[in-house]
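S.K.: Each chain is listed here by its residues.
Number of protein chains: 2
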Amino acid sequence: MSIILGVDPGFHITGYGILKKEASKISLIDYGCLTMSSTKSLSERTSIFYDFFEQKIQGNVITNVALETPFLGKNAQNFLKLGYLRGILYLLAYQNSCTLHEFAPRQVKQTVTGYGGASKDQVSRVVQQLFASAIKASTFDVTDALAVTLCGVWQQKSREA
Amino acid sequence: MSIILGVDPGFHITGYGILKKEASKISLIDYGCLTMSSTKSLSERTSIFYDFFEQKIQGNVITNVALETPFLGKNAQNFLKLGYLRGILYLLAYQNSCTLHEFAPRQVKQTVTGYGGASKDQVSRVVQQLFASAIKASTFDVTDALAVTLCGVWQQKSREA
Numbered sequence: 006m007s008i009i010l011g012v013d014p015g016f017h018i019t020g021y022g023i024l025k026k027e028a029s030k031i032s033l034i035d036y037g038c039l040t041m042s043s044t045k046s047l048s049e050r051t052s053i054f055y056d057f058f059e060q061k062i063q064g065n066v067i068t069n070v071a072l073e074t075p076f077l078g079k080n081a082q083n084f085l086k087l088g089y090l091r092g093i094l095y096l097l098a099y100q101n102s103c104t105l106h107e108f109a110p111r112q113v114k115q116t117v118t119g120y121g122g123a124s125k126d127q128v129s130r131v132v133q134q135l136f137a138s139a140i141k142a143s144t145f146d147v148t149d150a151l152a153v154t155l156c157g158v159w160q161q162k163s164r165e166a
Numbered sequence: 006m007s008i009i010l011g012v013d014p015g016f017h018i019t020g021y022g023i024l025k026k027e028a029s030k031i032s033l034i035d036y037g038c039l040t041m042s043s044t045k046s047l048s049e050r051t052s053i054f055y056d057f058f059e060q061k062i063q064g065n066v067i068t069n070v071a072l073e074t075p076f077l078g079k080n081a082q083n084f085l086k087l088g089y090l091r092g093i094l095y096l097l098a099y100q101n102s103c104t105l106h107e108f109a110p111r112q113v114k115q116t117v118t119g120y121g122g123a124s125k126d127q128v129s130r131v132v133q134q135l136f137a138s139a140i141k142a143s144t145f146d147v148t149d150a151l152a153v154t155l156c157g158v159w160q161q162k163s164r165e166a
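Here the protein sequences line up with chains B and P, keeping their order.
Adding 5 to a residue's 1-based position in the first sequence gives its number in my numbering.
Adding 5 to a residue's 1-based position in the second sequence gives its number in my numbering.
Quick caveat, the hints were computed from the structure, so don't treat them as lab data.
One thing to keep in mind: the hints can contain errors.
Put simply, identical chains are the same to the list, so a pair is met inside one copy or across any two.
Heads up, simulated BS3-like pairs for lysine-lysine below, C-alpha to C-alpha not over 30 Å straight-line [as the list claims (entries may be wrong)]:
#1 K30 with K79
#2 K61 with K30
#3 K45 with K30
#4 K125 with K30
#5 K25 with K125
Go ahead and model the full structure; you've got the sequences and the hints to work with.
M.R.: Here it is, written out as C-alpha cells:
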C-alpha cells in the first residue's frame, strides 16, 4: 500500500492531493488548497507551509511525495522563492522517510491526458472524471496537484510491476 | 545585545559566521563550513542543513540571520536549488524568532570594503584584517559568509542609532 501526497506549491495558493493505492485500487483521501495571506512575511509563510504539510504527512502516514519540476518563467526572484517551498517539501520528505518523485510538466500532462501539450483545462477534465463528483468544484490549483499525485501513483505501479 | 548568524548556502559547501554585538563591541563567536557529500540525495542534504543550523541557532541563541540575495546565473536549476536551502533558513529564522536580513551582493561589498564592485579577494582581506589571526586560513566560503554577517551587524547598528 502507498499513500501519495502531490503538491503544487505557491506562496499565495498551494494545491495538494492525497491518493491511496492498494493493489489495483486507487482512492482519493484528501485534496484542497493552503492559502497564505501576502500580508504575512515570507519567513512566516514558510513556517505555516511546513506545519501544514507536516500534519498532512504524519496524519495520513504518507509514503511518497510527488512534485512537478518548475521551469524558469519571466521572474527569476519568484522562481527562486518557489524553491523555498520546494526545499521545505524535500526536508519534510526526508524527515518522514517518504520517497520523493519529480515529474516534468510535459510528463504530468502526458501521463494524465495522453498528450504532453495538454492545457490545464484538459488535465482538469481528466482528473475530475477520474474522481467523479468528489472534486467537481475544484480549481486548477487542486486539479494540477492531483495530476502530479496521479503521476506518483502510476510511477509506483510501473516500478512495482 | 545581538547575535548574528550569516550564511552563504550551497549544496556542496556552506560558509557561515556568527558575530556578537554588545554595545560597540563586536566579537567573533564561531565560523566555518558545512560540507555535504554529493553522493547524498538533495532531500537528505536539506535535512542535514536544517539540523546543522537549528543547532547553531539554538546553541548560540541567535537573534538575527543575514543572507545575501543571489542573482540568476547560467544554470536556472541550480538557482532553484539554492532556493531550497534559503527556504530552510527562512523557516529556521521564523521557528526560532530571529529577524531575517537580506542584502544584495553589491551592498555587502560596499559595506565591507567601501566599494560595491570589490572582488572576493578584497572582501576576504578586509574580513581577515578585522578578525586578525582567528580566521587566517579561511576560504572565500567563510569570508563571504562573515561579510554578510558584518552587514547584519552594521545594519543592526544603524537601526538602533
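S.K.: Each hint needs a verdict: does it hold in this structure or not?
M.R.: Structure-based check of all given hints:
no.	hint	result
1	K30 with K79	neither (41 Å within a copy, 45 Å between copies)
2	K61 with K30	within (21 Å within a copy, 46 Å between copies)
3	K45 with K30	neither (41 Å within a copy, 34 Å between copies)
4	K125 with K30	within (26 Å within a copy, 58 Å between copies)
5	K25 with K125	within (24 Å within a copy, 52 Å between copies)
In summary, the numbered hints that this structure violates are 1 and 3.
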